Every structure is written in C-alpha cells, then in structure tokens.
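Please build the complete structure, drawing on both the sequences and the hints.
Taken in order, these protein sequences are the chains called A and B. For the first sequence, numbering that gives the first Met the number 0 gives the first residue as 0, with consecutive numbering after it. For the second sequence, numbering that gives the first Met the number 0 gives the first residue as 0, with consecutive numbering after it.
Keep in mind that a hint or two might mislead.
Claimed, not checked - Interface residues of chain B toward chain A, partial, derived using beta-carbon atoms under 10 angstroms:
| no. | residue |
| --- | --- |
| 1 | Ala39 |
| 2 | Gly135 |
| 3 | Thr314 |
| 4 | Cys335 |
| 5 | Pro340 |
| 6 | Gly389 |
| 7 | Phe391 |
Unchecked claim - With a straight-line cut-off of 25 angstroms between C-alpha atoms, the simulated BS3-like cross-links for lysine-lysine are:
| no. | chain 1 | residue 1 | chain 2 | residue 2 |
| --- | --- | --- | --- | --- |
| 8 | A | Lys95 | A | Lys392 |
| 9 | A | Lys95 | B | Lys367 |
| 10 | B | Lys95 | B | Lys392 |
| 11 | B | Lys43 | A | Lys367 |
Hint data in this document are derived by calculation from the structure and do not stem from the laboratory. Nothing here was measured: the structure is a model prediction, and the numbers come from that model. Ideal Cβ positions, reconstructed from N, Cα and C, are used throughout, including at glycine.
2 protein chains.
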Amino acid sequence: MPTGPLAFESRDQHRAWLEAQSRLPQGFRVGTCAFEFTPAEAAKPGRMNLALVALDEPTPAFGALFTRNAFPGAPVIVGRQRLDAARLGAIVVNTKISNVGAPGGVEAAERVCAEAARLLGRSPGEVLPSSTGVIGWRLPVERMVEALPRAVSALQARSVLPAAQAIMTTDLYPKVRRADLGEGSIVGFAKGAGMVEPNLATMLVYLLTDLRVSREELRAALAESVEASFNLISVDSDTSTSDTVVLLSSGRRAGVEPGRFREALRAVCRELAGDVVRNGEGVRHVVRVRVAGATDAASARGVGKSVVNSPLVKTAVAGNDPNVGRLLAAIGKYACERGLPLDPERLRLRLGGETLFEGGAMRLDPAKEERLVAHLRAAELYASRATRDGIFKPPVDWPRHERCVELEVDLGQGSGAAEVLGADLTHEYVTENADYRS
Amino acid sequence: MPTGPLAFESRDQHRAWLEAQSRLPQGFRVGTCAFEFTPAEAAKPGRMNLALVALDEPTPAFGALFTRNAFPGAPVIVGRQRLDAARLGAIVVNTKISNVGAPGGVEAAERVCAEAARLLGRSPGEVLPSSTGVIGWRLPVERMVEALPRAVSALQARSVLPAAQAIMTTDLYPKVRRADLGEGSIVGFAKGAGMVEPNLATMLVYLLTDLRVSREELRAALAESVEASFNLISVDSDTSTSDTVVLLSSGRRAGVEPGRFREALRAVCRELAGDVVRNGEGVRHVVRVRVAGATDAASARGVGKSVVNSPLVKTAVAGNDPNVGRLLAAIGKYACERGLPLDPERLRLRLGGETLFEGGAMRLDPAKEERLVAHLRAAELYASRATRDGIFKPPVDWPRHERCVELEVDLGQGSGAAEVLGADLTHEYVTENADYRS
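Structure follows, in structure tokens:
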C-alpha cells in the first residue's frame, strides 16, 4: 500500500495529479450523466449518477471478483453470470440505490444492461451492471433508461476521471491510480468510503488495461492482487453487499511478461486500497498494522483486522491518545475467539518505532508518551472541527499526505505475516452515518 | 433482560429505587475510600477508589468466571488461582488502573490482598483482587496499602450502594439489582460501560447472597446465569482483559430449591446485563435482537452479535434513521464469514413489529418509514446535544426508561434462538473514548 512521498498542499495540486493518473488506456471510452428523482420508498428527491465504461471492441479478457456477503445485490448476482460470457463490452454503474434486496432487482439490472447494450450496439449479456447506495430500495429503471443516451453521447477516450467522479457517494475525492509498463498501462478507479471491510473483493473498483493478456492469466492476476490489497483493508468492519472489482483488457497493446503484469496490477490495487481507506467515511488517521511472527498468514491477518476494528483502538487514535493498552486487549480478544495460544513473554508491540510491550509487560513512561502523541499527530489528515450544531464535516476534499499510524505486532511464534490497513473512528464518521440518507 | 415497566423521571426517584435494591444480604459488610495519586506512566494526577466487600465468616460457597481474553490482567490470573482455595473472605476492588500487562502485576495484586487480609484477620489467599482502568500502568501499591485501613473502618452491613458507586469509572450511575426469595436474597452490582463484549464473563460484577448453597451448585448456577445474560450483550464489541463475575454466599439463611435459586440468579444477572448496556459509554438506544429459526443457538447468537456490532447499524440507530438495509448487510456478513447457507426467501426481518424483509425482498414505503422513525425515537434514552466545542455529554445520570429498539430476525432454518442486547454508536461514545484518560 502507498508508502511513497505523495503529499498535496491544495485541491488544485491534487486535481492536476489526478488528471495525469486518469489518462485512459487504448480501446476504452467513458461517459457519464446525472438526474434527479424521488425513490418509491422515500419522501425526498435524490440525485443519481450514471457512469458508462465502454470498450471499442468487446473483450474475452475480463474478470471480476464480488462480495462474499450472503445477501449479494442484484448486480452481483447478474455479474456472476456474466463471468461465463464469451465477451464483455461495457459496464454501467449507478449511484444512490444499490439494488440489493429490492423486489425485482435482477430484472431491473438486466433491463438497464439491455438498454445500454442497444445504444452501444452490443448484446445485453456483454454489459455488466454495478450499483451503489441505499439497500432495499428499487432502481428507477425508466428514469435510468431515459438518461442513458446522455451518458452514451458523453463517451470520450481521453480520461477516466469523469467516471471516477460520477461513482462517488460519500467519497470526498475521486480515486484513480495507474501503472505504465511496456507499451501500455493499467488504470484503476475506485469508489468506497463506508461499509468497507471487503471479503474477497471490495466496493466498486474498475481496472482497465490495454496490455494484451489471456482471460486465464488476467483472472489469476486479479485474484492474487485483490487478496494482497482490498482484502487487507477495513474502514468500519462492515462487509458490503455490493463489493465488486472488475478488470478489463482491451488487448490493444503488446502483452508483457506475466510477472511484470501481476506486479504492476498488485501495485495499482494496493495504492487504490490505500486510497479507499484514506478517504473512508470520517477517516482522520490511516492505521497500518504490520503483523509478524504469526503461525500462519491467516492468523496474522486476523490479528491485524482485530486491531484496526477495535472501536476503542480506533477512538484512541482519533483522539491522538496513545492509550496503547487497548491494543493488547484487541489482540487478546482475537486470540481468545480463535483459540490461538499466545505467549505474552514473546509478544512485541511497537508504535511509530517506539517499543510498547516486551518481555511480558508494557514499557511506558511520560517522555515516551509524548513521542507517541507526536507520531499520532503527524499522521492526522486534518484537524477535527465541529459546527455550532455539533456537526462534523471534513474541511478538505483532497488527501493531504499518505502518512499512517505505524503499528508493529510481533507474536514471536512463526513466520506468518500480514499488513493490514484500517482507520480511526471519529465524530465525522458518526455525523456521516447517523443521518447519511437525509 | 429487563422488559419491566421501570422508568424514572428524576435522579432522586432513581436513587430511592437504588437504595431499596441495595439492602445487603446477611453476613456481608461493605466499605470504600478514595485517594489522589500520580501514575508512574503519566504526567497528570488521578483519583483511585477502593471498595472492600467482606464476609463476616469466610465461605466455601463462592465461584467466579473471568474473561477469555488471551491477555488477562493480573487480578484475573490471581483470581483463577483463588478458585481452588478452601474459602473466600473478601474482595478488594480498585479503579483507575486495571493492572493488566504491567510489570510486576501479580506481585502487586498479591501485596494488596495480603494487606487487606491482615487488616481483616484473614489469610491472603482468602482475598480476591479486582481492578478496572487503564491497561499497562502499574498499581500504586504503597498508596493503596496506606488507604486500606480507611476502607476497613468504613465497613457497614446495611447497603451495597457505596461499593456499587465506588467501582464506577465512565459509568453514569450505579447498577444494583436484587431478588428476594425464601428467607434471604441475592444482590448483585456491576461496573461496565466501555470495552464490553464479554466472553464467558463480563466487566466487574459481584453477586452476594445469604441463601445457603453448596459450592458445586453455586458454580453451576453462576455459569448458567452468565451464559444467559452477560455473554449475550455487547456495547462496543471489545472484550476486556478484566471481565470478572463473582458470586459469594454467606450461607446465613436457609437454602431454597435449586431451580428457584437458579431462576432468581438468572433474573438478577439478566437485569444487571441490561443495566450494563443501558449505561454503556455513549449509549442512547439499547437494541434488543431476537433471533429465531437458526440451525443452532450459537448461530443465532452470532447473527445477533453481528447485527448489534455493525457500526453502520449502530450509527443508523443513533440517528433514529431506519436505514434498515444495513441489517441485511450485517446478517449476510456473518453468514459469509461462517459459511452459513442462508436463504433470502426464508428470511424475515421486523423492527418495532413492522415487517422489513419477507419473500426475498425488502418491504418498505414512506408511511412505514415514519412508523419506524417513531419506534426509534421512543426508545431513545436522551436527546443528543453538543457543546459549542463539539463535546457530547449525556445530560442525565439516571436511566429514564427500559424501552429498547426491538429487532426480530427469523432465519427460517431451524429452532435455534437467541436474544442479544446491544447499543447504538454515538457522538457521546466518541467523545468519551477519544480522550477518556485526559
């Protein structure tokens, strides 16, 4: 995940960087549009964005991973069927309503695909639907069908940025990352701010490449990259019903050596995963936990997730408060749930390079506490400020830097390791989610 | 858990009820004291309370359950050894420092027990230590030894309330429940507001009875009662390193039929467990989830816990926002983690008696939404209000009522059932935990 020197001093600086990231690989076009409507289940009107990603020619080289949530949305159900299709030609994404658990959800998704296919001269089975938003509400299908021609006429081959922007909901800024290699590139964009603890796949992520690659190699590379990126993050421990990661190759550029392709894809995924956490709902600190010395990688990942999902660790980080005993409780909780035999004598904990726990006991003093506070403050993305009504809103809509709260856990038992990214729990998160729909 | 008609209109009314609850069973005395000190690990001074519960005669009829967290505190380590002792004569409890993961923690706990034993004319192995507070800091042993005589001279046989009050930390009010049966009574008091998702035992809970009961029967009744009460609650999903439930019988009154004793003990435990959630840190709504139709009780409990621990469900409840799709995501998340095959067609969800999901789809409309909002508002314990600095503090220090947000989940698969109590996630929780130690 991003460890680079990226830091931005202004929205304009971030925007210029984003535009450079967003150059489309060969063989793709992107178009968007938006409209107002009133959902059947609600009293108030809302706004829906549509984003269309179209290949100049349908491709056999595509793959996708979806949520493992037991109640997947209709677009995920349809998407799983599309994996068997000979070719994919387009993706149509909508915001505002996730089309999960809604009556007639699959039919609604298919109808939108069919209309997009008709406009693009494709068959309906070559279009992948994708939705994000409120669970349980019905898609305004007729309004979407009415709007689609505007997205089609907006199609252009220069930049993915309009789509990255259109799929935002509570995201503060678009998330785009690229890798240039050989004669082509891999460009990914993501949406994801809340309900983020992906299991197998995450939120909505679209990866486009013009590098020639077989369907088999593409799918293997995608699975490996997702495992090493989106499956290692958590904003709020809630696994969405809509998580989707798609990779499409237009095959317009010569392929590269498979190892290089995988490495570049993994880098793009890890950077995007970092972006998803950094721009998570209410996130003021990104927390990176490096777990080592576990009996296996799964235990290492479990310990890391337990730490980043502990509300008490999360709130302590939010308050720049090195209340580090809470780390011990979080690790011990996971161990007791899973029956892991942990030895306190072998456990080592570090925060910002400072030793917290060693030789079976905490090692704390007032001077160290001051250094820990300084480390937490340096990783803060912005200072928290409430309005007079007690509403907390982030004051910036760009990522100021990529610094993390750096935690190290060594269980001293084996060679299992994992690196997990999580976030703090803030007033901004509560403001966002206690009245997100209103 | 409490479903009774309890409601209080003022602090005084609650206090009068508490005093009646607090009458001590025969054979027990309670004394407390407090002092100021500066922890070795901190720059700022703090205040420690000591509470002493003494039996007139040491008893063989005692039992205790402790946290399953893999890093238990020193008092838990010592307490487990005490279970083998012939008799128990006293409990000494301190606040402010939990004596978990601190260098020399076990020796410190033993030294405090030895001094209490000396003052009470007991042997050190007859005293059980108990601590709550910051993890990783060292007990100020000499200051505690110095203060103990004051707690001893404060011993009285009328009321448990001074102890219930002394063990409070972030609790807003003392928690005491009683059952009168036969010639005697069972009186329990509890401390617990944050880091509450007990596993086997919870926080600090002390149950006193004068009813004669054998050690074996007492321990069996305790295990069963804890399983049906404290193991079914969660304030914030964090399992503490200090959870402790102790039951002592002075044997001063004739015993009752074992079934009646168990029933009364279970009722006291369930009421106290409800109190712990109701007075959880920042809790503005208690959420009761009744899960039915699971393949077994463990799955039912798991589904219930997944719902009450979902940050997005919790924040929606905090905002009186029936964003009920989040329930579906929370249930589906648990099912995918545990590999439970769930059938959406058989799933039924209800909130406040209103059907949310049935026949494979959500059933929502604007009129129903209004009724759901009314149900959420009626269960609110107090309205949220921020100061001008964005600090959120509960405006009341008594429980206004015992109404809950009532959720029903029917998985339609078997006869496994469970009733889980949880809470919302509020600005008050973040205020409490982002700078609890300062």
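So, going through the hints one by one against the coordinates:
Below 10 angstroms, beta-carbon pairs count as interface contacts, and B:Ala39 has one with chain A at about 8 angstroms; its hint therefore holds. The interface hint given for B:Gly135 holds, since its Cβ lies 3 angstroms from the closest Cβ of chain A, which is under the 10 angstroms cut-off. With a cut of 10 angstroms, the hint placing B:Thr314 at the interface with chain A holds, because the nearest CB-to-CB distance is about 4 angstroms. For B:Cys335, the interface hint holds, the least distance from its beta-carbon to any beta-carbon of chain A being 4 angstroms, beneath 10 angstroms.
The criterion of a C-beta within 10 angstroms of any C-beta in chain A is met by B:Pro340, whose closest approach is roughly 8 angstroms, and the hint holds. Proximity of B:Gly389 to chain A holds as hinted, the smallest CB-CB distance being about 3 angstroms (cut-off 10 angstroms). Taken as an interface hint, B:Phe391 checks out: its beta carbon lies about 7 angstroms from the nearest beta carbon of chain A, inside 10 angstroms. Restraint check: the Cα-Cα separation between A:Lys95 and A:Lys392 comes to about 20 angstroms, which is no more than 25 angstroms; the hinted pair holds.
This hinted pair checks out: A:Lys95 and B:Lys367 have alpha carbons roughly 20 angstroms apart, not beyond 25 angstroms. About 20 angstroms separates the Cα atoms of B:Lys95 and B:Lys392, which keeps this hinted pair within 25 angstroms; it holds. At most 25 angstroms may separate the alpha-carbon atoms for a hinted pair to count; B:Lys43 and A:Lys367 meet this at roughly 15 angstroms.
This entry satisfies every hint, going by the numbered hints stated previously.
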